[in-house]
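Residue strings, one per chain:
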Amino acid sequence: MAAVAIAVPAPSQSRLLLSGNEAVARAVWESGCKVAAAYPGTPSTEILEALCTYPDIYTEWAVNEKVSMEVALGASMMGARSFCAMKHVGLNVAADALMTLTLTGTVGGMVIAVADDVGMASSQNEQDSRFYARFAHLPMFEPADSQEAYDMIHLAFAFSEQHQVPVFVRLTARICHVKCVTTVGERVAHEPAGFVKDAARWVMVPAHAKQRLPLLFARDAVFREASERSPLNVLEAGQDRPDKRVAFVTSGPAYMHVREAFPDAPVLKLGMSNPLPLDKIRALAALVDTLIVAEEVEPIVENEIRAAGIAVHGKDILPKIGELAVNVLKPAINRLLNNEPAALPATAPAVFPRPPTLCAACPHLGIYYTLSQLKNIIVAGDIGCYTLGAGHPWNALDTTICMGAAITVAHGMDKGRGAVDKDKKILAVMGDSTFMHMGMQGLLDATYNNSNITFLLLDNGIVGMTGGQNTPANGLDIRGNPAPRIDFRKLVEALGVKPERVREVDPYEMPKLFKVIREETKNEGVSVIIGYRPCVLTDEYKPARAYFVDEDKCTGCGNCIDVGCPAIHVTRREMAVKPSGKEVELAFVRIDPLACTGCALCLQPCAPDAILPTDHGRVVIPLHQK
Amino acid sequence: MENEITNILVCGIGGQGVMTATEILAEAAIAEGHDAKKTEVAGMAQRGGMVTSHLRFGPRVLSPQIAPGTVHVLLGFEAAEALRWSSYLRPDGLALVNDSRLVPPVVEIGLYDYPDDPIGQIRARGIRTLSFDAASIAGKLGDLRLGNTVMLGAIADHLPFAADVLLRCIEARFARKGAAIVELNRRAFAAGRAAAAAHTKAEVTA
Chain A
1 MAAVAIAVPA PSQSRLLLSG NEAVARAVWE SGCKVAAAYP GTPSTEILEA
51 LCTYPDIYTE WAVNEKVSME VALGASMMGA RSFCAMKHVG LNVAADALMT
101 LTLTGTVGGM VIAVADDVGM ASSQNEQDSR FYARFAHLPM FEPADSQEAY
151 DMIHLAFAFS EQHQVPVFVR LTARICHVKC VTTVGERVAH EPAGFVKDAA
201 RWVMVPAHAK QRLPLLFARD AVFREASERS PLNVLEAGQD RPDKRVAFVT
251 SGPAYMHVRE AFPDAPVLKL GMSNPLPLDK IRALAALVDT LIVAEEVEPI
301 VENEIRAAGI AVHGKDILPK IGELAVNVLK PAINRLLNNE PAALPATAPA
351 VFPRPPTLCA ACPHLGIYYT LSQLKNIIVA GDIGCYTLGA GHPWNALDTT
401 ICMGAAITVA HGMDKGRGAV DKDKKILAVM GDSTFMHMGM QGLLDATYNN
451 SNITFLLLDN GIVGMTGGQN TPANGLDIRG NPAPRIDFRK LVEALGVKPE
501 RVREVDPYEM PKLFKVIREE TKNEGVSVII GYRPCVLTDE YKPARAYFVD
551 EDKCTGCGNC IDVGCPAIHV TRREMAVKPS GKEVELAFVR IDPLACTGCA
601 LCLQPCAPDA ILPTDHGRVV IPLHQK
Chain B
627 MENEITNILV CGIGGQGVMT ATEILAEAAI AEGHDAKKTE VAGMAQRGGM
677 VTSHLRFGPR VLSPQIAPGT VHVLLGFEAA EALRWSSYLR PDGLALVNDS
727 RLVPPVVEIG LYDYPDDPIG QIRARGIRTL SFDAASIAGK LGDLRLGNTV
777 MLGAIADHLP FAADVLLRCI EARFARKGAA IVELNRRAFA AGRAAAAAHT
827 KAEVTA
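Each protein sequence line maps, in turn, to chains A and B.
Using the working numbering, the letters of the first sequence correspond one by one to residues 1 to 626.
Using the working numbering, the letters of the second sequence correspond one by one to residues 627 to 832.
Bound-form chain B, shown alone:
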């Protein structure tokens, strides 16, 4: 039965929109007729701590928690956080990582080091990894808050259902904010898809 369940782990930092992104993914899975459970540990996440959100969907989901080593897709909103959770991936899993870095005060005050090349470290573990700068993509579209939708665009072609299902859920979520916001999110979604696809293409030609 385990094979029929899709496990997606979304990780990042409080305030980045990890939980909202995962909720939209859950809505898309449900729209496709799946049973779905979404869970996170985020007690103090609002204060810049790490956040992980687990999404499992399939015919019937029992435990909401993803066991280490069973993640199909890791959606990393921050490079070091993606590295931290990379051991949750299956050997044939995929990491989609925003390569912008958020450096916490414990690093700034010199107690710890930020890894030199977190994405390289994930790749060195034998994990297929697509990375892109979601923050600058969002910035070019005019609003950093679109980073969340860029990330959803990046995962859209790596789900067991059509990308349009996810896009429709994003549109529904922003519908009450007006047509202009919906359009911006549509563009962010397309940009995220393109960023992941460009990477996939580069991988094939490399």
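Here chain A stands alone, though its shape is the one from the complex:
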């Protein structure tokens, strides 16, 4: 992506239409934060994207979330205010750092924003990050909209500095990506106090850790007291005629849904949700007949309230999966209260699904069409745009687990194969950014342990699925300034792959790709096939002239459709009888001239040569060598 212009921030007291992510970024900047790091991940990506446009702050795309958290910790040790952001599954990656930095604590205020993908718009699971606050004995704030996210970042920095611990701000997709009016303030600079050598605090060997552990449990009580007194934990009486039948304990977006669905019910809004203000909850329970916890997604608060001996409803009546929107809450709670059920809205009409697709000219199209033509293979996939290869028409991926798992799962498959799979070719597919995030160690493990796998490194020079962030693969930093560009051939060789087993193939040249995959899967040991072509959504991609279908030549075989390019459309279908007597459906096609950028993938499987460049001359997209 092109260089980011450092913007002039909107003046203090501006009322801005900000997403939760943008509000977090603004508040991080205002807090005088010096260092902010993140790895892109939906729904948290835009925090750093917004933050890097502010002046007077160092921002970076870290190669993974553990790195981002450690970078923030190091800055905090210097006395600087620091920040890291990640999606829920990123916190798993960072958990190793987390569980020890909670022992050392911090110096400069350190805030960790974690964004849960409640509803799973773009994630492999729906885990609840609030468990980590309990696990690490750390305070957690939970905003319910952009203004609260902005306010809580300020409070979190102050709390962090006061208590010398990092503070979690838990967001969900419905905070990150909701835009609402937010009033912003002034930036206050914060000068780092300087590093103070203190081995007993910073060197976590067992002897030192044993001294730190009691502090961790002692501060639990301090935080509980802070939670009881916190203005973030507000007891609201209910609107006009306070309802004595039911009260809610809720947090985050669920608070807004509860308030809208049951305006008369008393509500305890948890802005600081760990530790719980149990006295406040007890007081609320005493006011009403029934106490209900509305929380996304696991019954964490509910279980803690029940453990404290307070009768409560929660996930016995509400779903454990997805968002607690008004239309989810209302029927469930009305059923419990024996209220008249509301009339059901009209049923939704049946319409075909519209899953996300690979873009026209996406280099992954060449990879997946080729893989779909190979027999007797098992393909371990990974996380990124290229996960879409698991879908139609390619159906080319057999597994997807987590960032970096393709190589290691493939390696385990190789070691675990029985006689029944002895002739199977095992492949791993991973993008450049995922490889640098968590794939490199797996490749080292595979070469070290003499695996027999073929690894396809799909290098498109960008973090694609999250919207195109820079990485070491394109040699640009977060602000688009030049940075060292990684040489993947050298890297994989350094990780133990024999030089002759590293092949570089243009993913737009499918016959060659097919041949190289066949060759390398026959070879013993670890092979790496690097397929480089820039993501078509980046500046590095140079479109060429569009292709068109010569109707007189098209035989309706439909081979081109199997490439999976969204620019190819069927104009008519016909039934035909083959010489063998078998009935087949023919599909005649056209190419959308506005969508086609001339990658020439579709013409490669076209038997009658019916796909021609619009100027009838051979058009070759120049491959920009690294």
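Be aware that one or more of the hints could be misleading.
Here are some of the chain A residues that sit facing chain B, going by a computed Cβ distance under 7 Å [unchecked claim]:
1) Ala5
2) Pro9
3) Gln124
4) Ala348
5) Arg354
6) Glu540
7) Lys542
8) Ala546
9) Pro566
Since the hints were derived computationally from the structure, they do not count as laboratory data.
Nothing here was measured: the structure is a model prediction, and the numbers come from that model.
For each residue, glycine too, the CB sits at the ideal point set by N, CA and C.
Based on these hints, arrange chain B on the given structure of chain A.
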């Protein structure tokens, strides 16, 4: 309180400008002194998936999500997508639909059928529906990217505030791209308004 909130659902496909259009609508509502919240599910929308953007505005908006059956105006950037979300409309709601079709690969490879008459199906549900070809209107103005502004023009006379409020927000958004682009968008906005109005007129005379 629900009656004071206006719910607008904008739907389409990643890349069509659904989110930007909704953001401009939100800016207009705020300019009119409303509280407003805009939300969408668009995790992988950039890859040709479906996008819905919810806009709610009024004295004070709590939940950002629109419940099924409560939409006042559905602004559909694509015909089948408008049909998909038509059950979100109130019985007295209005559907404004771009009738151009974007057919996804899952249909092209023969796994699913594209509905023969999606707009007719919306009407058959008893929903008042105005449809027009925003893509060809934009194409006649010289740039398909103007389709977004054509759609905003179409909704302009179906909002609880004056069309000019919305037009001013569009002008502000394109101001830094120069006077020529602003003028093009002004024309696209007018064309969208005219397309919806012509339809309304036809409805009255029919």
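| field | chain B contact restraint for Arg354 of chain A - C-beta distance below 7 Å | value | 5 Å, holds
| Is the interface hint for Ala546 of chain A satisfied, with its Cβ closer than 7 Å to some Cβ of chain B? | 15 Å, violated
| Interface hint outcome for Ala5 of chain A [beta carbon to chain B under 7 Å] | 12 Å, violated
| message | Checking hints one by one. Is Pro566 of chain A an interface residue toward chain B, by the C-beta closer than 7 Å rule? | response | Hint holds; Pro566 of chain A Cβ to chain B Cβ min 5 Å, cut 7 Å.
| Interface hint compliance - Lys542 of chain A to chain B, C-beta minimum distance less than 7 Å | 20 Å, violated
| Hey, does the Ala348 of chain A contact hint survive, CB to chain B under 7 Å? | This hint holds: Ala348 of chain A lies near chain B, its Cβ roughly 4 Å from the closest one there, short of 7 Å.
| Cut-off 7 Å, beta-carbon criterion: hint that Pro9 of chain A touches chain B | 17 Å, violated
| Does Glu540 of chain A pass the interface hint, meaning its C-beta sits closer than 7 Å to a C-beta of chain B? | Cβ of Glu540 of chain A sits 17 Å from chain B, so the hint is violated.
| query | Would the stated hint for Gln124 of chain A survive a check requiring a Cβ distance to chain B of less than 7 Å? | reply | 12 Å, violated
The structure does not agree with the numbered hints 1, 2, 3, 6, 7 and 8 stated previously, though it agrees with the rest.
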